[in-house]
Each structure stands twice: as C-alpha cells, then as structure tokens.
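Construct the entire structure; sequences and hints are all you get.
There are 2 protein chains.
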Amino acid sequence: MTDFPNFFSKTFFLNASECNAQQIIPLPQLVQRLIDTATLHSSALKAGPKELKEMGLTWVLSRLTMEMDSFPVMDTDFTIETWVESINRHFTERAFRIKDNIGNTIGNVRTIWIAIDIIERRSADITALMSHVTPTPGVCPVQRQSKIQAVTNPDLIRRHRFSYCDIDFNRHVNSTRYIETILNDRDVEFFDTHSISRFEIAYLNEIHYDDTVEIARHSDGDTSTVEILRDGTAVTRCRIEYRSINA
Amino acid sequence: MTDFPNFFSKTFFLNASECNAQQIIPLPQLVQRLIDTATLHSSALKAGPKELKEMGLTWVLSRLTMEMDSFPVMDTDFTIETWVESINRHFTERAFRIKDNIGNTIGNVRTIWIAIDIIERRSADITALMSHVTPTPGVCPVQRQSKIQAVTNPDLIRRHRFSYCDIDFNRHVNSTRYIETILNDRDVEFFDTHSISRFEIAYLNEIHYDDTVEIARHSDGDTSTVEILRDGTAVTRCRIEYRSINA
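Chains as they are written, first to last, in the numbering used here: chain H, 1048 to 1294; chain V, 1048 to 1294.
Since the hints were derived computationally from the structure, they do not count as laboratory data. A few of these clues could be false.
All copies of an identical chain are treated as equivalent in the list; a pair is satisfied when it fits inside any one copy or across any two copies.
Listed next, the in silico DSSO-like pairs over lysine-lysine satisfying Cα-Cα at most 27 Å (straight line) [said to hold, decoys possible]:
| hint | residue 1 | residue 2 |
| --- | --- | --- |
| 1 | K1100 | K1057 |
| 2 | K1057 | K1146 |
| 3 | K1057 | K1194 |
| 4 | K1057 | K1097 |
Just so you know, these numbers come straight off a predicted model, no measurement behind them.
Quick look at the structure:
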C-alpha cells in the first residue's frame, strides 16, 4: 500500500463567461485545466511544483496529444481524470480522461512532461524524484505522438508578437497562448462547422516576452499542420484534425 | 425573510498556471472571476442568465471601478464577496470585496450592469426582473466612476485586430480581452515595479470578431488614460492609476 494516489480526479464547472463562440470550452482553456489537474496530482504525489522548486527544477509540458469526441458544454460540470502512464529518466508520460456531466468519456489525452533546471533550462534526471510513483500503463487509448513534420508548403504565413498578458509565472509564454495563436488562423465561422477531433502539439523551444514569430500553416483536407518559427527555427509544431459538424 | 441571498461569496484557488510574470492573478483573470461570481449570485437571485434568456435578454457589464491594495498571490485561496448596491430602471449597481487567504480585504470593486435585448442589443427595463431583490447600499468604499475623458494627446497609438480566441459565447469580444489589449501597452518589466492601485473601465460599444481597433494612450505621472477606438469612435475608455513597488 502507498499513501500516493495513482489516480486523481477533479470536477470543474464551465461558466458561460469562459466559453467560446460555439458555447463550449475553448481548447486553450481545456489544456489549462489539464495542466492544473496534472499539477494537483503531482503535488499529491509529492512531486509537484513545490518539491521541484526545492531542487531548482520546474515541470514543463513537452508534448500533448488529444482525441476528442466532443467538448464540455456551457453551464455544465466536466471531470478530468489523470494518472501516470510511464516514467523515464528524462520524462514522465501522463494520461487524462475527460468526462461530461453524465459520466461519459468525451476525450482522451496523452502528454509528456520534462523537468528542467530553472536557471540552466536543461532537462533534469527525474529518477529519484519519481521513484515512489507507480505508473499505470496501458489505459490510455491515444496513440503515441509521432514526429510532427515541418511545414514545407504553407498556404498561410502570419507574423505574431507575444505581449505582456501572454507571459506566465515562469516568465515564458504560457503554453495555452501558443494554442490560441494557432487557432486564430481560422475564423469564427470555421468553428461553427468544424470540431477538433485530434490535436497534437510539440513544444520544442520556449518563447519569451516580445518575441515575434512566424506561424506557417499547411492544410490538407481536414488536417492542418502548423509550425511556429522564430528566426527561422521551429519552436512549436502542431497537427490538427477536424471533423465536419452541422452548424 | 426572503429566500434570496443578499450577499454571496465564493472562494477560488489561484493555480500557478493562471498567474502572470509577477506571480499574482492577472487583472483580466480577476475580472473574469468577478463576472463569474456575479453570475452565480444573480442565478441564486433568480435573475441570472437563464431567467434573462427566457425574456430574450442578457446581462452586460457596462462599467467597472476597482481599488486594489494588493492582488491574490500564486498558490493561495482568495475570496470574492458580492452584493447589489442599488437597482435602477435600466441598470444594477453591484459591488465586490476581494479578500486574501487570511481574510484581509485587499480590494474593492464597483460595477454597473445593464440587461440588453439579445437581438436588438438595446437596454431593457429590469424593474420587474429585480423587484424581489433587496439592495444593500452604502457598503462599498469605492467612489462612483466619473466620466472618463477622451484621449486628446496620446503618447502611444497602436492597432489591434481581434481574433477567434477573443470571442465569447455571445459572439462578441470577451470583456476581459479589452483589458488584456490595454495592459499589453506596457512591457513585462513595467509591472515588476508598478502595481495597479485603481482601474476604471467603461464599455461603450461592443467589439466584434475581426474588428481592427486603435488603442490610444495618454500617460500623466502614475496615471494612464486609454481609449479603444473603432473607425474613430470610442468603444471603450479606461483609466489606470499605478503605484510604484519594489521589484
């Protein structure tokens, strides 16, 4: 027996004021809730921000892959369940299940987290930190993320500068702001007729305050590949599959 | 005795992932929490979004004035208390008190809400809707908002286009995104040495998806006046007083 919970669950109420034009949770907000739930679980496992900070480390979300049947809707509860799928020397695989207000699973998520040195910004060995945590492998149905290809033939290129309100407590651009910037490639009417069915993002490098980036997109049917580049180097790659819906 | 609570209170936990570079709650996020708490109280008073929607109406935040000694800090609880200060034919005055995790009042807020017709976007008579609500006047120490002057002599003018992720469930720009746009006039280092002590905003007209606006700012010592203009007409006016702090 252990005092450390293998599974962790948290229920949220989705206020109207948080919703997007389609009256569902915005994807960046959902990712924020996943991060919050992961943070709470890691704290319950005594491997949270507090313990890492004492070692001069911080958790960084490296990859996220989600498959969604639908999204939490306005004025309802939704629940996020999370557990650790595997632990490696340099990263932790953490999975999530998202349930609607009647307990149906509406989405599954697979993420990779690394611990980095706050000063050096280099990946740290997490073996000792996670030695007491028991992973629960084989539960998450989401396929592992494959390498997201570079965008070689963009049909859209935009420039974007990150501002004060994009910066998080680590003084880097908040992970969810990368996603906002990517979704802003599309207009509001597009999302009336398209739902995100699979979303993959790989955070390759940190973006800082006042950085200006290029966002390059290649669309192929219902799939978009998006690359965020700074000075010609990819800092983030993303792949989005859409499903047509009735408006 | 009444079944309708005159006072309403809600406690929030401030996750690290929600914090800004100064490791406190971002102002837009705090305003979001105020709106959420107001919405919950109005629902408890049976004059919430549900009841208004049945009448073809929706609540719109028209003015907000806040005075802050300090802001909720990372990884702590904070509490928002709210009550109705006065009810008029065309608007409701609602006040808030913000308390830190040990119960000290750290801020006070005064707001004005109007109910508008969802289709016509015109202000509605709320007399019948609010007839059972008992206001509690004279509690909020914040001076009523005076008319915020136009910016006649700007020291900064920027252009900004509102995108998909700025749009709320009413298909207008989210109230908190106006505030983000205004704060983005300053750099991250400015907020290391300046805290917002008084913040006033008047929402004059709704901003829509794909609107491009001009943001004009006039700074005078520790006070900024900011105006958001669309096609030369003011859609929002804002006045911010800053206090110097030690970094």
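Hints and how they fare:
1. K1100 to K1057: Within one copy only: 24 Å inside a chain, 30 Å across chains, cut-off 27 Å.
2. K1057 to K1146: both (10 Å within a copy, 25 Å between copies)
3. K1057 to K1194: Close neither inside one copy (31 Å) nor across copies (44 Å); limit 27 Å.
4. K1057 to K1097: Close inside one copy (20 Å) and across copies (26 Å); limit 27 Å.
Violated hint: 3 only; the structure is consistent with all others.
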